[in-house]
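A.B. asks: Line by line, the protein sequences are chains A and B. For reference, each letter of the first sequence is one residue, going 1 to 334 in the numbering used here. For reference, each letter of the second sequence is one residue, going 1 to 334 in the numbering used here.
Just so you know, these hints were derived from the structure itself, not from any lab. There's no promise every hint is true.
For chains that are exact copies, the list does not tell them apart, and a pair is met inside one copy or across any two.
As the list claims (entries may be wrong) - List of simulated lysine-lysine pairs, DSSO-like, C-alpha gap at most 30 Å:
(1) Lys292 <-> Lys310
(2) Lys46 <-> Lys329
(3) Lys216 <-> Lys85
(4) Lys321 <-> Lys331
(5) Lys216 <-> Lys260
(6) Lys292 <-> Lys321
(7) Lys321 <-> Lys332
(8) Lys321 <-> Lys273
(9) Lys273 <-> Lys292
(10) Lys292 <-> Lys329
(11) Lys247 <-> Lys262
(12) Lys273 <-> Lys253
(13) Lys216 <-> Lys262
(14) Lys310 <-> Lys42
(15) Lys273 <-> Lys262
(16) Lys219 <-> Lys247
(17) Lys46 <-> Lys292
(18) Lys321 <-> Lys46
(19) Lys253 <-> Lys216
(20) Lys292 <-> Lys332
(21) Lys292 <-> Lys42
(22) Lys321 <-> Lys42
(23) Lys273 <-> Lys310
(24) Lys46 <-> Lys332
(25) Lys260 <-> Lys219
(26) Lys46 <-> Lys310
(27) Lys332 <-> Lys310
(28) Lys331 <-> Lys292
This structure is a prediction, so every number in the text was calculated from the model and none was measured.
Number of protein chains: 2
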Amino acid sequence: MKQYKPKNRLSSQAYINGVLAGDRVMLSRAITIIESNLASDKVLAKDIVQQILPYAGNSIRIGITGVPGVGKSTFIEAFGLYLVKQGHKVAILSIDPSSQRTKGSILGDKTRMEELANLEDAYIRPSSSGDTLGGVANKTGETMLLCEAAGYDVILVETVGVGQSETAVHGMTDFFLLLMLSGAGDELQGIKKGIMEMADMVVINKADGDNITNSKLAKRQYQNALHIFPLGESGWSPVVSTASSTKHIGISKVWDEVLKYKALVDDNGYFIKNRNHQKIQWMYNNINEELKQMFYGSEAIAQTLETLEKDIISSEVSPVKAALEVIEKFKKSF
Amino acid sequence: MKQYKPKNRLSSQAYINGVLAGDRVMLSRAITIIESNLASDKVLAKDIVQQILPYAGNSIRIGITGVPGVGKSTFIEAFGLYLVKQGHKVAILSIDPSSQRTKGSILGDKTRMEELANLEDAYIRPSSSGDTLGGVANKTGETMLLCEAAGYDVILVETVGVGQSETAVHGMTDFFLLLMLSGAGDELQGIKKGIMEMADMVVINKADGDNITNSKLAKRQYQNALHIFPLGESGWSPVVSTASSTKHIGISKVWDEVLKYKALVDDNGYFIKNRNHQKIQWMYNNINEELKQMFYGSEAIAQTLETLEKDIISSEVSPVKAALEVIEKFKKSF
Chain A
1 MKQYKPKNRL SSQAYINGVL AGDRVMLSRA ITIIESNLAS DKVLAKDIVQ
51 QILPYAGNSI RIGITGVPGV GKSTFIEAFG LYLVKQGHKV AILSIDPSSQ
101 RTKGSILGDK TRMEELANLE DAYIRPSSSG DTLGGVANKT GETMLLCEAA
151 GYDVILVETV GVGQSETAVH GMTDFFLLLM LSGAGDELQG IKKGIMEMAD
201 MVVINKADGD NITNSKLAKR QYQNALHIFP LGESGWSPVV STASSTKHIG
251 ISKVWDEVLK YKALVDDNGY FIKNRNHQKI QWMYNNINEE LKQMFYGSEA
301 IAQTLETLEK DIISSEVSPV KAALEVIEKF KKSF
Chain B
1 MKQYKPKNRL SSQAYINGVL AGDRVMLSRA ITIIESNLAS DKVLAKDIVQ
51 QILPYAGNSI RIGITGVPGV GKSTFIEAFG LYLVKQGHKV AILSIDPSSQ
101 RTKGSILGDK TRMEELANLE DAYIRPSSSG DTLGGVANKT GETMLLCEAA
151 GYDVILVETV GVGQSETAVH GMTDFFLLLM LSGAGDELQG IKKGIMEMAD
201 MVVINKADGD NITNSKLAKR QYQNALHIFP LGESGWSPVV STASSTKHIG
251 ISKVWDEVLK YKALVDDNGY FIKNRNHQKI QWMYNNINEE LKQMFYGSEA
301 IAQTLETLEK DIISSEVSPV KAALEVIEKF KKSF
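For reference, chain A alone in the conformation it holds in the complex (with noise of 0.2 Å):
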């Protein structure tokens, strides 16, 4: 009954001692054991993130989101090479709980992103693939983790605007980036509600040439929006800025208001109190999605809600008394 287990593999300490060294070769043996389903690397998955626990934290965490089209990795990396320019060490990382249904994640195209992936101090990290959100969710989030360790002082986190993947990446985060087009109202179509009131500053991507107009305009009317909407606990004001990823133009400007929002929220206690709600919430939603698989992926639970929801459409059956009864068919199975 022994399960398969990798022969190239090395001991904990091995991994944690490469990783704080900041040996780039070892932080991805440690993300590729983190990303791991075997049984035997989650064992080795979770004894290098606890060790390492002391050693992360120490960066300021982005989450960036636009739907596709809207110029994300071009963003990404005019935004990286800045960073770097600047004496950071970036890492950009991504939640893309499609990606393994559509063969394709979100940086795993190696086209993308040339001139960055090749500088010392920028780490790219394509989408890892998981069955659920959760999942994902975690495996980002450790990844997270092991980049900080390993010295990187800004993580770039990103996602596609079009699910629920903006609200884990909202929930790893300390400053979340919107990114968008001018010519509201098409586009607009693509972003989920809830999403813009997550961002704590909207980038129009593409201001430039004959789309500079439209940018200013576009600028203004979410600036107009976003300033009727209620202030987040952080005390931050939402910010709308316009850039050009291709000819680098207001790019610094997006570095700037992340620093501004960090000494604010430095100042005013919010980071280190959003930071720690994170990490406890971060328990919970594990613990409340291991609690719906032990009820949702019982076979027998599943035929069960088939034929309690016909029956609720046709008002054969209350919803309430409905789930009274299915839950008592799952505390008789234990």
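Since chain A is already given, all that's left is putting chain B on it; use the hints.
C.D. replies: Frame of chain A, contents of chain B only:
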């Protein structure tokens, strides 16, 4: 081991007949049974709701929210009076999970809505109490079904714009109305993020006297803001208008918009789709709450979590590992 059973209870059929005949006294007595926490009443309530189901649903359900001070009860009274004059039967319910703690429910104040309360075609039921939001939502949801079976064709469900109860109200209504005041900025602090995006209509209340100019300005600001945000699945573009509840101005406009909305969603199929979705979701909300109760209701689990939270904040344990630990403990408890 016989549990306390109230003596004045009738058969479920007696309540059902009374409700279907539109007998207000029987309706009130049936709702009291739904709100009761006695075991025998719960059995009776389940039976009543189950049998009333085929007669429920024939109404438009309107959720109404806004922070304290916005003039919610004055608006509801004016709106209710208008609807009754138009020949409708109006039931006014509320969700207020805080009512138990504060010993005062939002519709409980007897001096409120006096004129409306005296009309034969208006039925006002103060918020039921409950330990959890889910429990309160169940009771209000089932009360709504009873009111519909009793012939009320407009259901207004009120809540306070400061907490999670908005999501519950949004999840059980067809149309969601947000009351605001002019002077955008200050009063917004009371509205939680995300509530604005639920609104099908925003009404700037107290638009009278010196306030008219400000209200018109606020209307334009909200209009601009809401148009920037993505459309919901209903295909409805949220509307902003002004009203003076005390002067009965702008009240008919609200109903006109509700009717326009209804025509749109009847036509595009969203009305029935959303109703079915809500019914199914109602079951899942109950299931998920029950699962959480099984876990978090355990004293041993609660103690473990308290320790783990501290260990997570001090970086002694990783969030993922902490979750695994406590889930293992839970599984062993069966």
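A.B. asks: Now look at each hint and say whether the structure bears it out.
C.D. replies: Structure-based check of each hint:
Taking CA atoms no more than 30 Å apart as the test, Lys292 paired with Lys310 passes in both settings, with 21 Å inside one copy and 25 Å between copies. In this assembly of identical chains, the alpha carbons of Lys46 and Lys329 lie at most 30 Å apart only when taken from different copies (18 Å versus 34 Å within one copy). In this homomeric assembly, Lys216 and Lys85 come within 30 Å of each other (Cα to Cα) only inside a single copy, at 28 Å, whereas the closest approach across copies is 49 Å. Proximity of Lys321 and Lys331 under a CA criterion of 30 Å is satisfied in both settings, with 16 Å inside one chain copy and 26 Å between copies.
For the identical chains of this complex, Lys216 and Lys260 are intra-copy neighbours only, at 22 Å inside a copy versus 35 Å across copies, given an alpha-carbon limit of 30 Å. For the homomeric pair Lys292 and Lys321, the shortest alpha-carbon distances inside one copy (19 Å) and between copies (18 Å) are both at most 30 Å. Both within a single protomer and between protomers do Lys321 and Lys332 lie at most 30 Å apart by alpha-carbon distance, with minima of 17 Å and 29 Å respectively. Taking identical chains as interchangeable, the C-alpha atoms of Lys321 and Lys273 lie at most 30 Å apart only when they sit on different chains, with a minimum of 21 Å there against 41 Å within one chain.
With identical chains, the CA atoms of Lys273 and Lys292 are at most 30 Å apart both within one copy (28 Å) and between copies (25 Å). Taking the shortest Cα distances, Lys292 and Lys329 sit within 30 Å of each other both inside one copy (15 Å) and across copies (16 Å). Taking CA atoms no more than 30 Å apart as the test, Lys247 paired with Lys262 passes inside one copy only; the shortest distance there is 27 Å, against 48 Å between copies. Taking CA atoms no more than 30 Å apart as the test, Lys273 paired with Lys253 passes inside one copy only; the shortest distance there is 26 Å, against 45 Å between copies.
When the C-alpha separation of Lys216 and Lys262 is checked against a cutoff of 30 Å, the pair qualifies only within one copy, where the shortest distance is 26 Å, while the shortest distance between copies is 37 Å. For the identical chains of this complex, Lys310 and Lys42 are inter-copy neighbours only, at 24 Å across copies versus 40 Å inside a copy, given an alpha-carbon limit of 30 Å. In this assembly of identical chains, the alpha carbons of Lys273 and Lys262 lie at most 30 Å apart only when taken from the same copy (13 Å versus 45 Å across copies). In this assembly of identical chains, Lys219 and Lys247 lie within 30 Å of each other by CA distance solely inside one copy; the values are 18 Å within and 39 Å between copies.
Proximity of Lys46 and Lys292 under a CA criterion of 30 Å is satisfied in both settings, with 22 Å inside one chain copy and 26 Å between copies. Proximity of Lys321 and Lys46 under a CA criterion of 30 Å is satisfied inter-copy only: 7 Å between copies versus 41 Å inside one chain copy. When the C-alpha separation of Lys253 and Lys216 is checked against a cutoff of 30 Å, the pair qualifies only within one copy, where the shortest distance is 15 Å, while the shortest distance between copies is 35 Å. Proximity of Lys292 and Lys332 under a CA criterion of 30 Å is satisfied in both settings, with 17 Å inside one chain copy and 17 Å between copies.
In this assembly of identical chains, Lys292 and Lys42 lie within 30 Å of each other by CA distance both inside one copy and across copies; the values are 21 Å within and 26 Å between. Proximity of Lys321 to Lys42 under the C-alpha cut-off of 30 Å is restricted to the inter-copy arrangement: shortest distance 11 Å between copies versus 40 Å within a copy. Within a single copy, Lys273 and Lys310 get their C-alpha atoms only as close as 45 Å, which misses the 30 Å cut-off; across copies the closest is 13 Å, which meets it. Taking CA atoms no more than 30 Å apart as the test, Lys46 paired with Lys332 passes between copies only; the shortest distance there is 21 Å, against 33 Å inside one copy.
When the C-alpha separation of Lys260 and Lys219 is checked against a cutoff of 30 Å, the pair qualifies only within one copy, where the shortest distance is 20 Å, while the shortest distance between copies is 32 Å. Only between protomers do Lys46 and Lys310 lie at most 30 Å apart by alpha-carbon distance; the minimum there is 19 Å, versus 43 Å within a single protomer. Proximity of Lys332 to Lys310 under the C-alpha cut-off of 30 Å is restricted to the intra-copy arrangement: shortest distance 23 Å within a copy versus 35 Å between copies. Both within a single protomer and between protomers do Lys331 and Lys292 lie at most 30 Å apart by alpha-carbon distance, with minima of 14 Å and 13 Å respectively.
In summary, this structure violates none of the numbered hints.
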